[in-house]
Amino acid sequence: MSIIERALAKAKQEDRVAVEKAEGLAHRQEEAGRSMDLAGGGEARGHEAESGGGGDGAGAGRSPAVVGAGLRANAAPVSPSFVGETPPTVAAPVAALTAERAQSARLGTALDATTCASSGPAVPPLLCVEDLCCAFDVSKPFLNRLLEREPRRWLKAVDGVSFEIPRGETFALVGESGCGKSTVARLIVGLYEPSAGRIVFDGHDLARVTRSAERQKLRRRFQMIFQDPYASLNPRWRVERIIAEPIRVFGLERDERKIHAGVAELLSQVGMSPADGTKYPHEFSGGQRQRICIARALANRPEFLVCDEPTSALDVSVQAQILNLMRDLQDELGLTYLFISHDLAVVRHMANRVGVMYLGRIAEIADSRTLFARPRHPYTRMLLATIPSLAMRGQRADLVRGEVPNPITPPPGCSFHPRCALADERCRREAPLLRALGGGQQVACHAVEEGRDHE
Amino acid sequence: MSVSHIEQMNAGGGVPLLSVRHLRVEFPSRRGMLVAIDDVSFAIARGEVLGVVGESGAGKSLTGAAIIGLLEPPGRIASGEILLDGEPIHALRGEAMRRLRGRRIAMIFQDPLTSLNPLYTVGQHLVETMLTHLELSPAAARKRALALLDEVGIPAPAQRIDHYPHQFSGGMRQRVVIALALCAEPELIIADEPTTALDVSVQAQIIALLRRLCRQHHTAVMLITHDMGVIAETADRVAVMYAGRLAEIGPVAEVVRAPAHPYTRGLMGSIPVLGAGVERLVQIDGAMPRLSAIPSGCAFNPRCGEAFARCRSERPGLMPAGATRAACWLYAGDCEGLSAPARDEEGA
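Heads up: the sequence lines are chains R and H, in that order.
Following the numbering used here, the numbering of the first sequence begins with 1 at its first residue and continues without gaps.
Following the numbering used here, the numbering of the second sequence begins with 1 at its first residue and continues without gaps.
By construction, these hints were calculated from the structure, which means they are not laboratory data.
For each residue, glycine too, the CB sits at the ideal point set by N, CA and C.
Wrong hints could be hidden among the right ones.
[What the hints assert, rightly or not] Partial chain R-side listing against chain H, Cβ under 8 Å, derived:
{"#": "1", "residue": "320"}
{"#": "2", "residue": "342"}
{"#": "3", "residue": "383"}
{"#": "4", "residue": "387"}
{"#": "5", "residue": "388"}
[To be verified] Here are the in silico distance ranges between beta carbons for each label pair:
{"#": "6", "chain 1": "H", "residue 1": "280", "chain 2": "R", "residue 2": "367", "range": "14 to 22 Å"}
{"#": "7", "chain 1": "H", "residue 1": "140", "chain 2": "R", "residue 2": "143", "range": "45 to 53 Å"}
{"#": "8", "chain 1": "H", "residue 1": "30", "chain 2": "R", "residue 2": "210", "range": "56 to 64 Å"}
{"#": "9", "chain 1": "R", "residue 1": "333", "chain 2": "H", "residue 2": "315", "range": "37 to 45 Å"}
{"#": "10", "chain 1": "H", "residue 1": "274", "chain 2": "R", "residue 2": "450", "range": "23 to 31 Å"}
{"#": "11", "chain 1": "R", "residue 1": "408", "chain 2": "H", "residue 2": "119", "range": "23 to 31 Å"}
{"#": "12", "chain 1": "R", "residue 1": "408", "chain 2": "H", "residue 2": "120", "range": "25 to 33 Å"}
{"#": "13", "chain 1": "H", "residue 1": "215", "chain 2": "R", "residue 2": "151", "range": "47 to 55 Å"}
{"#": "14", "chain 1": "R", "residue 1": "143", "chain 2": "H", "residue 2": "282", "range": "55 to 63 Å"}
{"#": "15", "chain 1": "R", "residue 1": "177", "chain 2": "H", "residue 2": "119", "range": "25 to 33 Å"}
{"#": "16", "chain 1": "H", "residue 1": "120", "chain 2": "R", "residue 2": "401", "range": "26 to 34 Å"}
{"#": "17", "chain 1": "R", "residue 1": "202", "chain 2": "H", "residue 2": "258", "range": "43 to 51 Å"}
Given the sequences, and given the hints that come with them, work out the whole structure.
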């Protein structure tokens, strides 16, 4: 065996170990069998796998796929199909066991959040996210890694996020840039594929729905509103065509006259004139464009809207218009929102329940009222202290310090510990799990758990 | 410095540090002259923080650019004057303006990445600025640069001084920019949305830093932002701009507590407030008019719930309205008899 071949083999081995260790992808599954299932689903979803057939891919096909995956462009999400391709050399039962233990440790104390599918509350939530993970490959290209003897590098954008959203409510995710909130949004609408975890929409595990007709039927029921209304509308299409696109794509209506009438109705629903349909996006202001985006999102009559910073690009007076509109539409159409924002005041105004994210993990989940009245996690407290307040002038505490670390090399233990006044040895060593405090409040913090947070 | 002291200084006839009088900025275009800033007058006292707030397109950044002489052609100051310490600076060109810029008036821009040169180390930025404006030896300049970096809260300044901008995070870069603005000890800093590009937790730190340093160095600040919360925490007085005109100006506590102009009231009501269990935000319907179609009379009249005939025909000047001054005919009765000179007072 030549040196190069040996090095190649070694690099591949390292890759594989890195994938398993850094990600714990297979380990996260409750049982080995399900991991196969998931992989199968993932593969059938990918375009390239459609011809090859789903299920466990053939052994011969694997190794080039691994290399291919290694050479893939940076920041490509690790798809479940990639997981399935790692040869099952590690004893699966052992992995499954540790996984089970990790799972029960993670979930045991926060049972109410994760039992949605089986023995959940009387009314099942519309959306349930369980232990969602998403890692991006930010390694250098394969040859560079080989020559510079560098391991693979992963950016864990989302790491074990679980929450659920009851029908007709608004769940908000808040956090600073880079905390993974937008990645969660994109995972849910299917713009990225999760590395692990489940997204259950109205009882259907999105990863398991593999037939395209069924997927299409599910996809019609949720939509997304993006942050920047200047970038999310096609400048060469008339507004009418933009809004009618989902209707045409989902084949909800074939009669052009009816489509036209539908678009007119949508436009008036969002407070615009039906005559605006013949104009181009550049003829509108930011607020009006965001209204067009909302009309487009409503075109396929969805039940669930993922709103990724829908008002961050707008002026405050326009923001008020859009927030009011969104609340009116929610009352009128019974919509369910996942609302993503970095602005806590906006979140307080919109949400029933709030999840605070920090570096890919949930730091605290609570009802909006509870969270703002009795924040427990030090990060939540810090975020609340950052809000410039109109009333309490200049009284901002010295609570606020530090910056969000680089998510590629997050601090060990609790990722918030370098900025936390309560951090001790355990926080630097051991990552805290989400624990229920009662009243639906869950906090991932050693200090809160040990009662060290009362000053 | 307390607000009342500044008010005293303004009223007491002392020359304000900066005085802008009837400033008008125009952009000639194919469709006619666009008036981006129309008859804006205000003053900033020494050591005072004046917040300038408004929606995008209200002309707040252009006002800042006009003061420091950075208007992009074809934009130009059509009339009015800008006085620094009583001397007109709006007509300065070339070398004369360059000596002033950075030395007596400094600027902090929104995006710290684009306002630092990626090919210079942080130390080179600071040293070059000081050598240009101050009579210092290179060694003394470097020493001062180190002290400044320490003062703006950059850890291990002795190592960091030789790093390039890309090696700093966003918040740290903005700290460097603040050090750069302060290094020639200017009398006025124009901070144009200094925290908009930053995360909320970093924003709070930068605002606190800016406030503390300007108090210590007794530097006046013109803080341009769209965030009323930032203004409320930082500024002594606030000027609210709408469609290139001043809508209201007054002590920040008064404007926040009891805004006089209907636009300011709408603006304050549309900010979601923590703890206030409001079901619906106050919303101002419509959008700010385009520069090419500013309505006659008061620019806000088509969106104003309280508009009457005079608002549509005649443009209001700033007039006393409670503790603040608002450009609104609702308050015309308050100042019967002195309505004409009332609007000049601010600039004088």
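Here is what the structure says about each hint:
1. 320: 3 Å, holds
2. 342: 6 Å, holds
3. 383: Hint on residue 383/R: holds, closest Cβ of chain H at ~7 Å, below 8 Å.
4. 387: Status holds, d = 6 Å.
5. 388: 3 Å, holds
6. 280/H / 367/R: 14 to 22 Å: Holds, since residue 280/H and residue 367/R (Cβ atoms, about 21 Å apart) stay within the stated range.
7. 140/H / 143/R: 45 to 53 Å: Holds, at about 50 Å.
8. 30/H / 210/R: 56 to 64 Å: 57 Å, holds
9. 333/R / 315/H: 37 to 45 Å: The hint (37 to 45 Å, Cβ to Cβ) holds, given that residue 333/R and residue 315/H are roughly 44 Å apart.
10. 274/H / 450/R: 23 to 31 Å: Once the Cβ atoms are compared, 29 Å apart, the range 23 to 31 Å for residue 450/R and residue 274/H holds.
11. 408/R / 119/H: 23 to 31 Å: 26 Å, holds
12. 408/R / 120/H: 25 to 33 Å: Hint holds: Cβ distance 27 Å, inside 25 to 33 Å.
13. 215/H / 151/R: 47 to 55 Å: At 49 Å between Cβs, range holds.
14. 143/R / 282/H: 55 to 63 Å: 60 Å, holds
15. 177/R / 119/H: 25 to 33 Å: Between residue 177/R and residue 119/H, where Cβ atoms are some 26 Å apart, the hint holds.
16. 120/H / 401/R: 26 to 34 Å: Distance hint for residue 120/H, residue 401/R holds at roughly 29 Å.
17. 202/R / 258/H: 43 to 51 Å: With a Cβ separation near 50 Å, residue 202/R and residue 258/H satisfy 43 to 51 Å, so the hint holds.
Consistency note: the structure conflicts with none of the earlier hints.
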